[in-house]
Amino acid sequence: MSERGDSIHAGNVINQIVNEQFIDQIHDAVIAYDAAQRIIFWNRSAEHLYGWDRDDVLGHSIDLITDLDTHSGTSGDSSNPRAELRPAGTPDGEVRHRHRNGSALVIQSRIVPRYGNDGKFFCWVAINRDITMHRALQIKLNAHTTELERSNAELDNFARIASHDLREPLRMVGSYARLLDRRYRGQLDEAGGEFLDFIIDGAERMSTMIRDLLAVARAGSEPAEMKPVTLNDVVNDAVKDLEVAIRECNAEIIVGSLPTVMGDRTQLRRAFQNLIENALKFRGEQAPQVEITAERVTDIWQVSLSDNGLGISPADLNRIFIPNARGSQSAEISGSGTGLAVVRKIISGHGGRIWAESAEGQGSTFHVTFPAGEQETL
Amino acid sequence: MNNRGARRRPLEILIVEDNPGDVRLVEEALVESGFNTRLTIVREGDLAAEQIREAGRSRNRPDIILLDLHLGDISGLDILAETKANEAVQAIPIIMFSTSGEPEDIAASYRGHANAYVQKPQELDDFLQAVSNIESFWISTVLLPEE
Numbered sequence: 001m002s003e004r005g006d007s008i009h010a011g012n013v014i015n016q017i018v019n020e021q022f023i024d025q026i027h028d029a030v031i032a033y034d035a036a037q038r039i040i041f042w043n044r045s046a047e048h049l050y051g052w053d054r055d056d057v058l059g060h061s062i063d064l065i066t067d068l069d070t071h072s073g074t075s076g077d078s079s080n081p082r083a084e085l086r087p088a089g090t091p092d093g094e095v096r097h098r099h100r101n102g103s104a105l106v107i108q109s110r111i112v113p114r115y116g117n118d119g120k121f122f123c124w125v126a127i128n129r130d131i132t133m134h135r136a137l138q139i140k141l142n143a144h145t146t147e148l149e150r151s152n153a154e155l156d157n158f159a160r161i162a163s164h165d166l167r168e169p170l171r172m173v174g175s176y177a178r179l180l181d182r183r184y185r186g187q188l189d190e191a192g193g194e195f196l197d198f199i200i201d202g203a204e205r206m207s208t209m210i211r212d213l214l215a216v217a218r219a220g221s222e223p224a225e226m227k228p229v230t231l232n233d234v235v236n237d238a239v240k241d242l243e244v245a246i247r248e249c250n251a252e253i254i255v256g257s258l259p260t261v262m263g264d265r266t267q268l269r270r271a272f273q274n275l276i277e278n279a280l281k282f283r284g285e286q287a288p289q290v291e292i293t294a295e296r297v298t299d300i301w302q303v304s305l306s307d308n309g310l311g312i313s314p315a316d317l318n319r320i321f322i323p324n325a326r327g328s329q330s331a332e333i334s335g336s337g338t339g340l341a342v343v344r345k346i347i348s349g350h351g352g353r354i355w356a357e358s359a360e361g362q363g364s365t366f367h368v369t370f371p372a373g374e375q376e377t378l
Numbered sequence: 001m002n003n004r005g006a007r008r009r010p011l012e013i014l015i016v017e018d019n020p021g022d023v024r025l026v027e028e029a030l031v032e033s034g035f036n037t038r039l040t041i042v043r044e045g046d047l048a049a050e051q052i053r054e055a056g057r058s059r060n061r062p063d064i065i066l067l068d069l070h071l072g073d074i075s076g077l078d079i080l081a082e083t084k085a086n087e088a089v090q091a092i093p094i095i096m097f098s099t100s101g102e103p104e105d106i107a108a109s110y111r112g113h114a115n116a117y118v119q120k121p122q123e124l125d126d127f128l129q130a131v132s133n134i135e136s137f138w139i140s141t142v143l144l145p146e147e
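As given, the protein sequences belong to chains A and B, one line each in that order.
So the first sequence is residues 1 to 378, counted in the numbering used here.
So the second sequence is residues 1 to 147, counted in the numbering used here.
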């Protein structure tokens, strides 16, 4: 048992280096083992995590908990089956460990070497975090997301087919009402003429609605080509597209420095075009001024588009992104009320969010987010 | 005006269209535009395919075919493919005439050697104009093969 005696001795040494009471307060399991894989330190969280008391494991091989990890976890390094033996400085690995009761644990593990005063290797210290629940939730979440995406796609498909199929009979109603109007108006009395006008008007409105619904269903459902896109270029394109409208209302578009994001240039151009168009459409008394700026907020880019227009009432703030649900302001303003719905669809297709802030009469600000850089794995 | 395209006999048009409302609208458009045309109307896809095959054998061929994309029984694209693969009738211009503006439908039609793709306009006036444009183009502008 002299070997075991050495380990315990080593354990005493490590106790001098680190403050054991302090280490016991840490939520992560802290385990130290020597070059021969013998456990020489085991904090309280390790006891909770693995179900083994300190006295049970000291001097035993680390295999006690790592025997599951013959092939390392999802992000592990396959060239090194024993993640515990990875060289210092390697990033955190995800490994599978075994609880005393035999159940598997998903562990995020960071391993650092300790050196003695003489500069010689002394032991490995593993800082292990239980992410079993986290991973399980993530798998559940992924399943829900997939299901949601599937049902969204189904809904789009339904909207597309429905609007196609509805267009056909509607065209009949509209066309023959017109033909009746043209050829037989003279034979109708006043009431008859009025009835006919209602038919024509209803058919026209429904036709517009169907066309817009189709446009929303299609937006973002075209294969998005994700490439690095400089948003300044996108906004310049959009401004060019709206040149005439901008000149007509004497609008000023101020564009700050915008980031490069991953996206589909054509779709994003459409999104910004709709946003700017929206600002021009709902302008106030003075010439419209639209300012587009960006700022980095942790791991996202937030692009903001502020105008000095009519503003949006609180009741409308949540409705403006719904197709055909136009705000109360829009009664006299031309347009179909799907522009913002299309924008929202494009932005969510890019992994972002859109929302608006406004006070009626004080202009509105639309915020659009984009993931910045590479997405971190959890 | 160059008169070479002017014809003495009426332009024979085969209309393959399953919606009687659309057939009637095409007829109305022709009445309004006053072109000299003679229509043959087939409402069902398989009958149309048979009629085109028959036309190839009898040499009594339509000058142009106006073909709906979405027929009840078979797709207009199938009739298009069969016609363009049949040497006896492949020279007859086929104009696809459909409510659909889907890029896939348009691309598939031209891939199948359709001679034109016209979307049925939603508005009456535009519809009548579109039919009139088709007639005018195939009667006065282009030269069609001699039979």
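Calculated from the structure, these hints are not laboratory results.
Model, not experiment: these values are computed from the prediction.
A hint or two may mislead.
Listed next, with one range per pair, are the computed distances between beta-carbon atoms [unchecked claim]:
{"#": "1", "chain 1": "A", "residue 1": "158", "chain 2": "B", "residue 2": "72", "range": "18 to 26 Å"}
{"#": "2", "chain 1": "A", "residue 1": "317", "chain 2": "B", "residue 2": "90", "range": "12 to 20 Å"}
{"#": "3", "chain 1": "A", "residue 1": "299", "chain 2": "B", "residue 2": "90", "range": "57 to 65 Å"}
Over the 10 Å line for every Cβ pair with chain A, so calculated as not near, a few chain B residues [to be verified]:
{"#": "4", "residue": "19"}
{"#": "5", "residue": "51"}
{"#": "6", "residue": "74"}
No residue lacks a Cβ here, since even glycine has one placed at the ideal position from N, Cα and C.
Discussion item. For a quick check of understanding: which of the numbered hints are violated here, in increasing order?
Written reply: Violated hints: 2, 4; rest satisfied.
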